[in-house]
Amino acid sequence: MSAVATAARQRPRVGARAWAFTRHHALTVYSALFFLYLLLPIAVVMVFSFNNPSGRTNYTWERFTWDNWIHWDDVPGIRSAIVLSLEIALLASVVATVLGMLIALALVRYGFRGRGTTNLLIFLPLSTPEIVLGASLVTLFLNFNVVFGFWTILIAHIMFCISFAVVTIKARLIGFDRHLEEAAMDLGANEWATFRKVTLPLIAPAIFASLLLCFSISVDDFVVTYFNSGNEVTFPLFVWGSARVGAPPQVNVIGTAIFVVALGAMLINILLQTRRSKGAE
Amino acid sequence: GGGGSDASEGTTSVERKLAKTLRMSNWTLYIDVKGKRHPTLEQFEKKTGVHVKYTEDIDGNASFFGKIQPQLQRGQSVDRDIIVMTDNSRYPSLLIDKGWVEKLDKSAIPNMKNLIAQQRHPAWDEDRDYSLPWQSGITGIGYNAKLTDPVKSIDDLLTDPKLKGKVGVLDDYSGTLTLVMLANGDDPGKVTDASFDRAIKKLQKASDSGQIRRFYGNSYKEDFAKGDLAATIAWSGDVAQLQFSNKNLQWDVPTEGGEIWTDNMFIPKGGNVYTASTFMNFVYDPKVAAQIEAYIQYICPVDGAKAAMLKLDPSLSKNRLIFPTKQMLDNVTSLDAKAFNNEKYLTTWNNLISA
Amino acid sequence: MGFLHRHRGLTPYLLLAPGIAWLALFFLVPLGFLAYQSLESGSIDFGYAFNWAWGNYWDAIHNYRRQFIRSFEYAGIATVLALVISYPVAYFIAFRGGRWKNLLLLCIVAPFFVTYLIRTLAWGTILSDNGFVVRTLHDLHLLGSDGRLLATSTAVVAGITYNFLPFMALPLYVSLEQIDSRLIEAAEDLYASKLQAFLRVTLPLSLPGVVAGTLLTFIPAAGDFVNAQLLGGTKQHMIGNVIQAKYLELIDYPAAAAMSFVLMAVILILVLAYARAVGTEQLTG
Amino acid sequence: MAVESRVETALEAPEAGRTVDVRLEHVTKRFGDEVVAVDDVSLEIERGSFFALLGPSGCGKTTTLRMIGGFEEPNEGAIYLGEEPVTGTPPYKRDVNTVFQSYALFPHLTTFENVAFGLRRRGVRGNDVRGRVEEILRIVGLAGFEKRKPRQLSGGQQQRVALARALVNRPRVLLLDEPLGALDLKFRKQMQLELKAIQHDLGITFVHVTHDQEEAMVMADRIAIMNQGRIEQLGAPSDLYERPQTAFVAGFLGISNLLPGTISGRGTVRLDDGTDVRVSPQALDGRTGRVAAGVRPEKIRLGHGEENRLTGRLLETAYVGVATQYVLETTAGKVSVYVQNSEPGAREQAPREISWSPDSTFVVDSTEGAE
Amino acid sequence: MAVESRVETALEAPEAGRTVDVRLEHVTKRFGDEVVAVDDVSLEIERGSFFALLGPSGCGKTTTLRMIGGFEEPNEGAIYLGEEPVTGTPPYKRDVNTVFQSYALFPHLTTFENVAFGLRRRGVRGNDVRGRVEEILRIVGLAGFEKRKPRQLSGGQQQRVALARALVNRPRVLLLDEPLGALDLKFRKQMQLELKAIQHDLGITFVHVTHDQEEAMVMADRIAIMNQGRIEQLGAPSDLYERPQTAFVAGFLGISNLLPGTISGRGTVRLDDGTDVRVSPQALDGRTGRVAAGVRPEKIRLGHGEENRLTGRLLETAYVGVATQYVLETTAGKVSVYVQNSEPGAREQAPREISWSPDSTFVVDSTEGAE
Ligand SMILES: Nc1ncnc2c1ncn2[C@@H]1O[C@H](COP(=O)(O)OP(=O)(O)OP(=O)(O)O)[C@@H](O)[C@H]1O
Ligand SMILES: Nc1ncnc2c1ncn2[C@@H]1O[C@H](COP(=O)(O)OP(=O)(O)OP(=O)(O)O)[C@@H](O)[C@H]1O
Ligand SMILES: [Mg+2]
Ligand SMILES: [Mg+2]
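Residue numbers (my numbering), protein chains in the order written: chain A, 1 to 281; chain B, 1 to 355; chain C, 1 to 285; chain D, 1 to 371; chain E, 1 to 371.
Calculated directly from the structure, the hints in this document are not laboratory data.
Quick list of simulated restraints, FRET-style, between CB atoms: (1) A/27 x D/147: 30 to 38 Å; (2) C/35 x B/244: 49 to 57 Å; (3) B/319 x C/141: 39 to 47 Å; (4) D/26 x C/100: 53 to 61 Å; (5) E/152 x D/95: 29 to 37 Å; (6) A/264 x B/110: 54 to 62 Å; (7) A/94 x B/287: 46 to 54 Å.
Backbone N, C-alpha and C fix where the C-beta goes; we use that ideal spot for every residue, glycine too.
Using the sequences and the accompanying hints, generate a full structural model.
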């Protein structure tokens, strides 16, 4: 192969490569911009967590300080609020995801009487304005003389998270290859083992997505929580309440911290996994 | 209004014995703070042995009322001894009319004598049988001196073309209406259909023309601080805080007059009257009042607090947004209590702000 | 387990039982109270009485048609925007995410761990009339004469879009992630350009995700009030705001309840129409 | 040896009193209103035997297996495993393992874990698992592929994982749905021997779906030929091959020449061109009237050395490795002849006369159904 | 007829000056660090020819096709379609269609829409589409299945949809990855004829991966035998069969007897037991020293009629439908013999002497690689 021929052969190839490269990266660049857009306000929140305002309002940048981070719980009530919120969000997302998954399995896998109705029932809580959702639940609790507090908040959160879980997991189950479950049963796995060893790993992305969604809905809910919280205060309640005087920078600290901790934990997890799989080879 | 239920009958002031715990609900960050603690509450505990379960779960009059209303309606206890609600809303009078709050045990509140004169006889609770002020504020006009000449009147605010789109108006029924009515030369203390309509029309015009940026809740502060609002109807206490960061932010009572509002302590049905009254008495001690005031910096309803403040923080005692001058206090009024519960007015108002 | 298999007809009901029981008790029963309430009349001062006050429904539809329409308009636009914005990213994570998939997913959701108010405050800072963004847009003559982004309908729609992105992106990801890339290869083999392969194969196969995402976005967005409240101007209020005001400010519980039912009914009708359009199997599995 | 043993078994008539392992009684399976995938099928499979299901694409083989495996319930009829009816018994309670036509490998598990799946479900642990999985992977030629995920294997390798995954469990009944279809001839032969050895050693009952008749003929004790959801004929391989009952079976098992005619006497069929063909009397099986006389191409000799004879004109010649195929146009119809390529150049002949023995002649009802 | 035409083409030597349609130059494809799926493969496929890729499972056939189709980029080397190098050219810009080994049918589309997919992408509309799709569905025997979704089809039916989906586009090059593997013999033969007819009529270049050697032999003009990513031998079918160059090729294309020995003179191999085997001089191909002499089982005759002879003891007999296989233990090693079952009872013989012609004898380098 002469040099000329080689060069001639390579020219269009380089062009094609460049084109493919650009296109490949168009999506990457777009995604980067998307995350920038998504995370931009978080960056602002983060910046203002280091602000040292002279008054009680944290609206404009004044001076840098570490104080807010060092004394992150120097605002009475903020610590118990965030702890309560995290507890509720964790429990609610897990329970709602489990319940939602079961409903999704029933809806996708089986034809049964009442399937259409069930489907509609799933959409109803989504379409109910939060305020009446919260208020009417109050009526129920009052009728049964339930003491308002942790449990009523949890019940409410699970209630409105279920629909999100069902819809998300259903989106995955619809494309699921049933032959794999048949194969598992054929190999002696009962329903539960089949679910654990085959179904669950394959719908894991949906479970994870559902957990994330439910967590974020729960941890950010204000209206429904407000009505059913008794005199417990969750983090959003604290933040919305503090709006009258102006939220202290500690609120930014906590917001940033949840974000950073969640991301950090995930990052470490991924790196460990990579290490482990590399080590195994 | 309906009478109280059986459940609350037994817990009236008959028993003059302190409970173990006092349950108080208040607005967020609305009491003095030092580190992670509330000195006033600790002092009270030390003095009386009553533990205060203090919850900051009130974020709005309407929403808090909506939250406790179902229980009160059923005659159930709301598990609170003191709640704090603002008198420029319909809720204080509703609470009283419906019999959802207990009478104060005035004998346990000798310090009630320190209540400033202007606050002694509100229309909705003539003799302060059910309520006692916690803090007050004045609704006036705030402006950003860097962006505009001083805005002294509501008419300027709502019509000056230089301010177009940079004017904030509060979605607060009482505050905004009072100011506009005063500007119209009407008496807010005696609202008539005609004066109400005039006020609404004026606001509607300003809203339609784009003069008003939007009707704000608490969030006006942020836009004001950042300069998105050149002038706005504003609360004195807020501007007092904003000034620390931005000296250009000014506030004044409009020339035609401003509105005063007060957050009042109530004892909801089923609350422990004696313990609650004892607490009220405690915070009406001028020294305690000054200590609270030094932190929250609204307008203190306690006579003698200014004197006490002089010792605590002289600069604050001079701040007329915290200790308003007599002239300011003479120039403020409040809205006709009857207007608060007028469904027609409220509907009209809401149609204006949630267009 | 053997029991399950023997009574296969029962299995779906057993699966449904806990979740549906939860919804029935904590949603349907309260909804019953709400229905009852929606037919009451009276006022807070004089009490409410049940008297088949169907007029509440009529009033709801009649007096607030504008807000109803606006709600669906905003929710619709926001849904389409969210779909268009997040589809490529969901695609990117599903097909190019590799081992970073979960981290990227978390990145989509994590901003929402920060309370809405704080997030919106931050947007307020970014999009302030005196901020960098508005000034740049101004200089590019991309902004109208009132020269602002906040307190406009754009701001409300953008706020809804932003705040509902995860509800769109995650279901999309979930169904994109399971598409067999060999099918896309097959499409390309059959002369489908990248775009056509996407339109004819990837998109239809991700339809369950699209349907899930659009529903999870549109339905709650139609009842949303907080974005209009914090980002809107004087004329951007949605039906959620009206219901909020009816309930809290006017303490007109029957009206609020009736409006909620009207809202729910309209939403369900739209959902059914949507299901019919995209094929019920996508919706119902 | 395995091949040898097969021959023995195939020649034995099925004895009475042997245990039946799988029994289908009037089983029908419909999909929707229109598709009848399996239509009133009855069959018995003896314990430890090697049963092959043969039939054209879409005839209902997979559906039959799926019903035995427990993945579909029949609309009508009953299925027995051993003595027990298994309607409603879940797959995991049936001591049956399946090699799926579509493999159905678990995409999230490695080759090793795919194969170990069944063992683990039955509580086998640790080194036992390792030993057995590695053993079976070695047998299917996949030693060294333990860590690969299914997506990283070639088609044939995937099929072998599917095979190993079922074999490793040593179930009572093994259902194989075209388990060797993606393998090359050489390896397939090797696997056939392995399968026979396993069947022999462990006494497993094999139900084997294949489209490779030769495979069925070599391996199976009994073969069922299905067509359009029904069983056309069931019997030992040589029976089916040498004495097909229907034109479909004759045509399905290799090429056959079917010459239409009428039975003209004891042991004689008069073809439509007037030629008389001698057949063994039992081949007539009591038939009368119009029939077709059949003969396999490889049973025909070039030249006139045998009793039944035809002459014709050479139409086509094709070289197919082992043999050469001639197609002649005769007065009785087109006839194919296979001649082994014993020596190079054998295919250059241009034959005109052919002949075959009456013993190689079979008779079927009519020519409809076979092309 | 199609078969006839094939024979002609197969016998012609590839002429110089014919256009090359597909060319691979030193193509290597690796997966990860360890797997070399395709290893320095070079080949040329002429326009309109039928090229078969044959090789054991996992040898790299699919990977080769996927590189031609554009689904994988080679790590090294270049691929040309016509005169153009196609590195980086996306699949949809290559006038190449593929029948995927895994079918890759679109699950959301009906049979009709699956088949119509390619046509619609190229702007064919309305009745044209309907006509062409129905025509091709008829050819693959799926008329009436238009409305079914892939999951409602049997395995073989799915494969036929995959075939139809590629065929209907009449591309310049058609890549078929075991396109008939799930079909029964009879239908497969029929489809083979159809494919040849289409190739003949439309001048499409076929690259056909199959594990069925007979299929390759019957259909292909040229065959490449791959092993472990490399091409072992490339040539016309009869060349490969009758003159394999390596033991692997000899062993892969059907059973062959390889008898180790040493070249002892012009046209003679002395086997290890001392027997001399005569071979044609060109078969030696210049080799010296140790080799193996090979002969196909079907070229061996029972009795001593031919020049090369061996005697031995009968070990096994197997009946395989068309023929009977004998395995004899001779002094030179085990020898398989195929004898056609010309008449019933032929298999009862117990042969001791075998012989074959020098022309049927080939010579390969050594016996490693073939069993
Ligand atoms: N994605 C992959 N990752 C790693 N190895 C792979 C991958 N794809 C294929 N291989 C390996 O490359 C080799 C060649 O695979 P290929 O699919 O080309 O085989 P093949 O000749 O088509 O085999 P078969 O006849 O079984 O289909 C095999 O050993 C296979 O395991
Ligand atoms: N889920 C289904 N819905 C409708 N028809 C079906 C379904 N599954 C199979 N069929 C039809 O039932 C018939 C039998 O299918 P089956 O899979 O048993 O065939 P098969 O004998 O295994 O064929 P192959 O050799 O092609 O795999 C076919 O005509 C097929 O189209
Ligand atoms: Mg099948
Ligand atoms: Mg392959």
